[in-house]
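J.: I would like the entire structure built from these sequences, with the hints used as guidance.
Counting in this note's numbering, the sequence shown tops out at residue 665, every number present.
Check each hint, because a few of them may be wrong.
[Stated by the list, open to error] Here are the in silico distance ranges between beta carbons for each label pair:
1. 622 x 650: 22 to 28 Å
2. 409 x 656: 36 to 42 Å
3. 507 x 374: 17 to 23 Å
Since the hints were made in silico from the structure, they are not lab data.
It should be emphasised that the depicted structure is a prediction, and the values quoted were computed from it without experimental measurement.
Just so it is clear, CB atoms sit at the ideal spot from N, CA and C, and this is done for glycine as well.
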Amino acid sequence: PGDEIVVTDRCYPGTRHLLNQYFKKWGFIPKFVDAREIENVQEAISKKTKLLHMECPTNPTLSLCDIEALGKLAKDFGIKFVFDNTFASPINQNPLVFGADIVIHSVTKYLGGHSDVLGGAVITSAEERAEIMNSAVYFGGVMSPFSAWLTIRGIKTLELRMQRHNENAQALAEFLEDHPKVREVFYPGLPSHPQHQLAKKQMRGFGGMVSFCVGKSDKDGGDFLNALQIIKRASSLGSVESLAQASGSMIYLEFSEEQKRALGINPGFVRLSTGIEDKADLIEDIDQALAKI
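T.: As structure tokens, this is what we get:
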């Protein structure tokens, strides 16, 4: 009891809920920090810290953390470094190379790639894997054989799909950045992204996720989503089909307005998971939807 977990404050809301609602009951203390600056993480580490849990690009504002610096920090303090690499995929980013001890993925997203499987993956050393597998046997949560088959099927085309995701997201981000009805664009592949140089250092591709703020209000964001014809309104990501959601009124619905603003989720915020459709069709769809707000 009392062991601490230092976590990026921009982690997936489900991760935050798990830590706050369940890990606290088990005696762990989560400490949420702005991991964009390594100094913030270092200041949060104490003698009770046992784990760093980081992710980047983050969901949904696509901010980054310096994986290599975090790996060195974890090693210096003798603590485990767990990294959620779901948003990037192993094609674009390999945290183990930069010092992470354990990498996790939501298989439901890019690895599966077709919105038809639920699962997760843990990638680590043989020593760590044996202990994790024993825990899985006793605590359950084991993937079904058919889900495993679907995942293996998806991984066979992962590299090809990620190339298209990367290409489409870059094109859409550049289009959105120049559109008068778009106030902000979040994409690490844009030179305007405050951590673009870090992205170039630790990523081979910038991913298929683009976030942006449209109009002046959440209503404008909702009207934009309702006007889309090709892109579907849904809360998942990483599929061959493009999906969009209003993060502020969906996965961050329970957050206060102040909490949302602190995380960079401003009025009209839209998270877009680009699929593998023709990019010209996607741009045309976004353009006609923006014209209606």
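J.: Against each hint, give a clear statement of whether it holds in the structure.
T.: Do the hints match the structure? See the list:
In this structure the hint that residue 622 and residue 650 lie 22 to 28 Å apart at CB holds, the actual value being about 27 Å. For residue 409 and residue 656, the Cβ-Cβ distance of about 40 Å falls inside the hinted range of 36 to 42 Å, so the restraint holds. Against the hinted window of 17 to 23 Å, the Cβ-Cβ separation of residue 507 and residue 374 comes to about 21 Å, which satisfies the hint.
Checked against the numbered hints given earlier, this structure breaks none of them.
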